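Student: Chains C and G, in that order, give the protein sequences. Per numbering that gives the first Met the number 0: the first sequence ends with 204, consecutive numbering throughout. Per numbering that gives the first Met the number 0: the second sequence ends with 204, consecutive numbering throughout.
Check before you lean on any hint, since a few could be wrong.
[Stated by the list, open to error] If we take Cβ atoms under 10 Å as the criterion, some of the chain C residues that face chain G in the derived model are: (1) Pro7; (2) Leu29; (3) His32; (4) Leu34; (5) Glu40; (6) Cys70; (7) Met160; (8) Ala163; (9) Arg165; (10) Leu198; (11) Arg201; (12) Arg202; (13) Ala203; (14) Val204.
Calculated directly from the structure, the hints in this document are not laboratory data. The structure presented is a predicted model; accordingly, all values stated were derived computationally and were not measured. C-beta: ideal position from N, C-alpha, C; glycine also.
Letter by letter, the chains look like this.
2 protein chains.
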Amino acid sequence: MASPVIEPVARLIEAFSRLPGIGPKTAQRLTFHLLRAPETEARILAAALVDVRDKVVFCERCFNVSDAPLCPLCRDPGRDASRLCVVEEPLDVLALERTAEFRGLYHVLHGAISPIDGVGPERLRIKELLARADDAKRAGTPLEEVILATNPTLEGEATAMYLAERLENVVGVVSRIARGLPVGGDLEYADEVTLIRALQGRRAV
Amino acid sequence: MASPVIEPVARLIEAFSRLPGIGPKTAQRLTFHLLRAPETEARILAAALVDVRDKVVFCERCFNVSDAPLCPLCRDPGRDASRLCVVEEPLDVLALERTAEFRGLYHVLHGAISPIDGVGPERLRIKELLARADDAKRAGTPLEEVILATNPTLEGEATAMYLAERLENVVGVVSRIARGLPVGGDLEYADEVTLIRALQGRRAV
């Protein structure tokens, strides 16, 4: 019995279904969409995929994605170089930039400490972060603030604690982003840990 | 102010978000996944995309996707050529093949009649379907059955009715797939139209 799926189609379905969050059904749907869509659609996507791997590097200072040795943020003289925001992933930089609330620079760790997954501090860009803080101190212009914006998960908290210890005497202030009720959320449905954090983080009004 | 998203990354996010069911957030997630994943992953996907447009054609008999003038199903001598199942899209062929219930051949219309969207019969592979039925009749071996398996939607039903009229005196039997309660479904939650169809389609047990 011949398979009803021809090989190039099967191969594209397979490639799509390796992507996170794309199941076999969605992979099929995407594949048949591209078969029906104007030919350029598949070719533009293919070219963008090749380009992203050919042209994108990591910034040698903050390890955000970049098209040059230094990323657009590190190159921008308008940013406040005395404040660093430490995040786990490049996507976190985008999320924070959308708020337009932070005008300093970033440092992307590319993960969080997770002993269960075998990810120790040496697997992350922590050495480079400590070097940035050390260099600034030795140059007589120590960093005023390092904001630890790792995720509010077990791994993110462990990473923040680890970094707080190491940065304590090297930078002005080490701070951690607030944990509490999400805006628009409902106290009644908040989990206990979030509620405890919301209480602990309370401020006089 | 410099944009925090460099151009090749923005371009891949844009290409992903053109795909059906992929929103801007998912497109971002996929893009950053591919930046972090081994380089081969992006390249394999890119090559599969190019291949699918270079190597995939439509079967000149049934208009299913194919890697040769005739698709694997039309080439298979083990299939019953006297029965045709008419579907809207190549994905429908896959769905029916998974059931292993039908051993005949297919005809893919590539859509359904939809006056609102300006899709008349001439935009579909209906002429070719009628020619297949006509040719079989003139050869003295008329098709025994044509199963109309277009979707149970307004457009699918209209297409089935249109085809039933035209095929009436050319083939042995024209049948329509059953509409009724989905297996595992709950009568209480079924919509009225489905319930009416389920009653109309009742059979003696």
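Student: Evaluate each hint against the coordinates.
Tutor: Quick rundown of the hints versus the structure:
{"no.": "1", "hint": "Pro7", "verdict": "holds (5 Å)"}
{"no.": "2", "hint": "Leu29", "verdict": "holds (5 Å)"}
{"no.": "3", "hint": "His32", "verdict": "holds (5 Å)"}
{"no.": "4", "hint": "Leu34", "verdict": "holds (6 Å)"}
{"no.": "5", "hint": "Glu40", "verdict": "holds (7 Å)"}
{"no.": "6", "hint": "Cys70", "verdict": "holds (7 Å)"}
{"no.": "7", "hint": "Met160", "verdict": "violated (25 Å)"}
{"no.": "8", "hint": "Ala163", "verdict": "violated (26 Å)"}
{"no.": "9", "hint": "Arg165", "verdict": "violated (25 Å)"}
{"no.": "10", "hint": "Leu198", "verdict": "violated (31 Å)"}
{"no.": "11", "hint": "Arg201", "verdict": "violated (31 Å)"}
{"no.": "12", "hint": "Arg202", "verdict": "violated (30 Å)"}
{"no.": "13", "hint": "Ala203", "verdict": "violated (34 Å)"}
{"no.": "14", "hint": "Val204", "verdict": "violated (33 Å)"}
In the structure shown, a violation is registered for the earlier hints numbered 7, 8, 9, 10, 11, 12, 13 and 14, in ascending order.
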